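Student: Chains A and B, in that order, give the protein sequences.
Using my numbering, the letters of the first sequence correspond one by one to residues 577 to 1162.
Using my numbering, the letters of the second sequence correspond one by one to residues 577 to 1162.
The hints are simulated quantities; they were obtained by calculation from the structure and are not laboratory data.
The structure presented is a predicted model; accordingly, all values stated were derived computationally and were not measured.
A couple of the hints might just be wrong.
[As the list claims (entries may be wrong)] Label pairs and their calculated CB-CB ranges:
no., chain 1, residue 1, chain 2, residue 2, range
1, A, E857, B, K775, 53 to 61 Å
2, B, E1008, A, A900, 46 to 54 Å
3, A, D1005, B, D588, 32 to 40 Å
4, B, T772, A, D1135, 29 to 37 Å
5, A, D1030, B, D667, 36 to 44 Å
6, A, E1132, B, E1089, 20 to 28 Å
7, B, L1067, A, D1005, 38 to 46 Å
8, B, E1008, A, K897, 34 to 42 Å
Glycine is no exception: its CB is placed at the ideal position from the N, C-alpha and C atoms.
Protein chains: 2
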Amino acid sequence: MYEILRKINSPDDVKKLNNDELEILAAEMREALFNRLTKIGGHFGPNFGMVEATIALHYVFNSPKDKFVFDVSHQSYPHKLLTGRRDGYIDDEKFSEDSGYTNPDESEHDFFNVGHTSTSIALAAGLAKARDLRGDRENVIAIIGDGSLSGGEAMEALNVAGEMTSNFIIIVNDNEMAIAETHGGIYKNLAELRETNGKAGNNLFRAYGLDYIYEENGNDIQSMISLFEKIKDIDHPIVVHIHTQKGKGYALAETNKETWHWTLPFDRESGAPTVSFGDGENYLGLTVDYIMEKAEKDKDFVVITPSMPGAIGLSKENREKLGAQYMDVGIAEEAAVAIASGAAKNGAKPLVFTNMTFIQRAYDQISQDLCINNNPVTMVMNFCNFDGLTDVTHLGIFGLAAFTNIPNLIVLAPTSAEEYLNMLSWSVDQKEHPVMILIPGNQVSHRDADKSFDKIDSYKIEQKGEKVAVIALGDFYQRGEALADSIKSELGFTPTLINPRFASGIDEAVLDELRSNHSLVVTLEDGILSGGFGEKIASYYGPENMRVKNYGLNKEFYDRYDPEDLLKEVGMTTEQILADIRKIVE
Amino acid sequence: MYEILRKINSPDDVKKLNNDELEILAAEMREALFNRLTKIGGHFGPNFGMVEATIALHYVFNSPKDKFVFDVSHQSYPHKLLTGRRDGYIDDEKFSEDSGYTNPDESEHDFFNVGHTSTSIALAAGLAKARDLRGDRENVIAIIGDGSLSGGEAMEALNVAGEMTSNFIIIVNDNEMAIAETHGGIYKNLAELRETNGKAGNNLFRAYGLDYIYEENGNDIQSMISLFEKIKDIDHPIVVHIHTQKGKGYALAETNKETWHWTLPFDRESGAPTVSFGDGENYLGLTVDYIMEKAEKDKDFVVITPSMPGAIGLSKENREKLGAQYMDVGIAEEAAVAIASGAAKNGAKPLVFTNMTFIQRAYDQISQDLCINNNPVTMVMNFCNFDGLTDVTHLGIFGLAAFTNIPNLIVLAPTSAEEYLNMLSWSVDQKEHPVMILIPGNQVSHRDADKSFDKIDSYKIEQKGEKVAVIALGDFYQRGEALADSIKSELGFTPTLINPRFASGIDEAVLDELRSNHSLVVTLEDGILSGGFGEKIASYYGPENMRVKNYGLNKEFYDRYDPEDLLKEVGMTTEQILADIRKIVE
Chain A
577 MYEILRKINS PDDVKKLNND ELEILAAEMR EALFNRLTKI GGHFGPNFGM
627 VEATIALHYV FNSPKDKFVF DVSHQSYPHK LLTGRRDGYI DDEKFSEDSG
677 YTNPDESEHD FFNVGHTSTS IALAAGLAKA RDLRGDRENV IAIIGDGSLS
727 GGEAMEALNV AGEMTSNFII IVNDNEMAIA ETHGGIYKNL AELRETNGKA
777 GNNLFRAYGL DYIYEENGND IQSMISLFEK IKDIDHPIVV HIHTQKGKGY
827 ALAETNKETW HWTLPFDRES GAPTVSFGDG ENYLGLTVDY IMEKAEKDKD
877 FVVITPSMPG AIGLSKENRE KLGAQYMDVG IAEEAAVAIA SGAAKNGAKP
927 LVFTNMTFIQ RAYDQISQDL CINNNPVTMV MNFCNFDGLT DVTHLGIFGL
977 AAFTNIPNLI VLAPTSAEEY LNMLSWSVDQ KEHPVMILIP GNQVSHRDAD
1027 KSFDKIDSYK IEQKGEKVAV IALGDFYQRG EALADSIKSE LGFTPTLINP
1077 RFASGIDEAV LDELRSNHSL VVTLEDGILS GGFGEKIASY YGPENMRVKN
1127 YGLNKEFYDR YDPEDLLKEV GMTTEQILAD IRKIVE
Chain B
577 MYEILRKINS PDDVKKLNND ELEILAAEMR EALFNRLTKI GGHFGPNFGM
627 VEATIALHYV FNSPKDKFVF DVSHQSYPHK LLTGRRDGYI DDEKFSEDSG
677 YTNPDESEHD FFNVGHTSTS IALAAGLAKA RDLRGDRENV IAIIGDGSLS
727 GGEAMEALNV AGEMTSNFII IVNDNEMAIA ETHGGIYKNL AELRETNGKA
777 GNNLFRAYGL DYIYEENGND IQSMISLFEK IKDIDHPIVV HIHTQKGKGY
827 ALAETNKETW HWTLPFDRES GAPTVSFGDG ENYLGLTVDY IMEKAEKDKD
877 FVVITPSMPG AIGLSKENRE KLGAQYMDVG IAEEAAVAIA SGAAKNGAKP
927 LVFTNMTFIQ RAYDQISQDL CINNNPVTMV MNFCNFDGLT DVTHLGIFGL
977 AAFTNIPNLI VLAPTSAEEY LNMLSWSVDQ KEHPVMILIP GNQVSHRDAD
1027 KSFDKIDSYK IEQKGEKVAV IALGDFYQRG EALADSIKSE LGFTPTLINP
1077 RFASGIDEAV LDELRSNHSL VVTLEDGILS GGFGEKIASY YGPENMRVKN
1127 YGLNKEFYDR YDPEDLLKEV GMTTEQILAD IRKIVE
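Please model the entire structure based on the sequences and the hints provided.
Tutor: Here's what the structure looks like:
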């Protein structure tokens, strides 16, 4: 097993293989991918499609002197297999050595830690610019999937590339898919180019001022080698458009491309996932139920996603049922928010949905297009929690800092299913404010909740007590409850427990009231402290005698950590907080 | 004077005019523009170029039922003249009634308050989406200049438009310029389209899946009317590419398009500005001197701007001198930051320059492409101050909240020319950190300053005192000095005065030291308090006895305010702060 692959310690070893061996290598690489992905999951379709092209890249070019930048890293596993990281795929005990994304800490063949889309062309253009200033001549190659092309950053960089005058190679890996189907006018042109073997008169890339070449056989090693040999050391920018098959080599993935873009651990025979998150209630399911019901009875309601309908749990069937009330704008967070603002201005009730880590791509659009204009758009954010996605490129812990400081934006942090659904329903129907709702990252819980949130920044006192007030935001509310219980049992008094609900503002009346019989306010939040929720409360009480202790994460790019260890590291376990309180209060 | 224009109270009045009267109206509109712009300045070139097309738009379409969205508002003055806001141009006492940007508070003919580029297509697509859900049929028209097309948000929205199936009109106003010359490959295609009267085989807009029509005579009212009559009520998306002359009707502006994009008040005869900001030193001048000198002696140094080289004071002559060491990526902040990150990774020393309000368009790129990868890029931000640009769309007061909470990013706030230049020089040459430097918004001052900033987050104690410590950030340092002097003279003791220099971190050693003989720490910062600098200090001292009072602006979209009034409103005058201190300390 892995006879050839085991010999590949660097790209130099690829260059020594004959044609037959290259074919065997491809088969072994797929086996290696199966080994890792069946056991721990990861990006499937794009990697299976790029095996042959990646072998050819390393056969023809001289990495790391020649520099590859893989967009969003979804198709970088074959590259990792050929650059000394094979063991992260074939040796089960070494899976954790490989991050699943390109990572300069892992290898000199990687230049950037990348997990957001549409960045490769600009990053590579920077590498090329520095090369030119230095007077060097190496090849710089960006590898980008067709789905990533719809992102503004990619198109800005295509435009810049169209003005460059030195070596620059953009490989467009066209597998006719984003994560789900692609969306947007450019994909009609890509289809035309595929159908005409690259000869269509109208050509997006040429319109950007770029040279262009097409190759249909993206899964044929020899075709790829010939192609790359032709363009190696080219003296100007060129788009190399290759057609590959997403999921190539696994029948289920070739057929159902959307499902197999990324996979949980699975059984190779049946394709069925081998882990289960239980059939219980979850917030995505509740969201989908709300969406389908609301859409049916309110024709002004429209759901907009910047690609990734799957992230919200919207199945193809549901999307079709929503019809015109669903709009996938492609990977294009900026457009998603601006379109939602425009739609709200004209009377629609738009709901934008994506992961917290991605919405920061629309920071300016949220500030300018949306919040200055104060249009009633609801943005529902998933994975805002510290224990959701733990890859450094996908952390949700920066959302409070990013969005609670934008004027006019109401950021809501629900603490139960009832509160979440009431907030959602209130937000979609109100006409006064742009609203962001943070989906709780913990288990679904149930509690009574208010129906209206018209009284902006009104905190809810869930338990009246004395001495210590615990203000526990969003999905840290349950931790606040546990803390309050411990205070009672350990310290012998009943503390006040507050569910602030509004992450973006301060309830001065509630805070003022605490003065009479409290000496310490403790805040808990699910995110970095810096710029977040608790600091605002510390600042409010700053000039007075009230003590305030904020709990949250450090301002740091954590990567692939154990969530509970991290809480301990920042002193946030119930025991640690209790010890702090003891010191301050007693 | 203004015989026809005075009769135009709404677009309906335009429709009643005959051809001769329309021509007179155009001439009168230019006179009105001259009246306002010679006296108070504003956007010149794009407005003078759009007079005829705007008359035709209002002649043919039925605003506000039909909806216009003007990109970045730079070309919206003629529209304002025809929609009841004439007096803001011809009656000097009413200038202030018109904001200079489209603004729904001013008129039902405006739908968005817009001042950042490249947003019109997405905003208009949202209007169209809501119209379709409602089952209405009005025309929705985005008007965008060629320069704005290079922004990612515009291209994302073009891609979305390419998939729409109902009425949607995108007017591309091609005046062959951004603010300075345009940059990027798409402009070669636009030139080709102009040269072939729209018939070039390769067509950017068709590649986006859009229908397309070209009209060369963008400054001819009748041509424009025929064109718009042809496409009115069209049942699918179309790009209407019109060729206009920037600055049309003023010889100086027709010749020197870059200078006349925006103008100070000026003498119509000579074109010379009638106001002067003095010939004294300013931070832009110091920056340009540094750039030119550094570039000459360090070939790895490269300046990257997302358009607007003028904003940094880089003249055409200087740009030419810099040659390959200057890169204007077009209006494309995301690409600018990512390219800089790539260039730094490959050994270059990139300096990115723009206004604070625009860099937030690259929030995700700063976080992901740059800071996760920790590449040594220097970003120099202009207009970070509350008393610089006071239009709501151009405020610099949100920068501290946006950028001091991103891990790895060092945000430096210099307090004098020496400190600024030393920080700049240190930042460009160091290899450890991404750095953002905030250009002071106050007058250039001179003081000794450290040369190295290797000790990250080290505050500088400028005056050792007792009882009260004043921590005054960046260009509010001089206000801190004044406050310290007042404390001494009014309250009779010498306070400690600290220049923190690092806006993005806390010097725990310095803060810990203050405990021994201070009971109050006062922070001053030039921006909103929420998420900014002072709150971090309040949080640090939260659990202890030290009082902290943070001074800064409210989290609010202020618009066209008097800066000194605003300071008073938020209680930040020296007298107000002194009164607060008296209450807390005594």
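Student: Now tell me, hint by hint, if it's right for this structure.
Tutor: Quick rundown of the hints versus the structure:
1. E857(A) / K775(B): 53 to 61 Å: Roughly 60 Å apart at Cβ, these two residues keep to the hinted range, so it holds.
2. E1008(B) / A900(A): 46 to 54 Å: Taking Cβ atoms as reference, E1008(B) and A900(A) lie about 52 Å apart, which means the hint holds.
3. D1005(A) / D588(B): 32 to 40 Å: 35 Å, holds
4. T772(B) / D1135(A): 29 to 37 Å: 52 Å, violated
5. D1030(A) / D667(B): 36 to 44 Å: 41 Å, holds
6. E1132(A) / E1089(B): 20 to 28 Å: 25 Å, holds
7. L1067(B) / D1005(A): 38 to 46 Å: 54 Å, violated
8. E1008(B) / K897(A): 34 to 42 Å: 53 Å, violated
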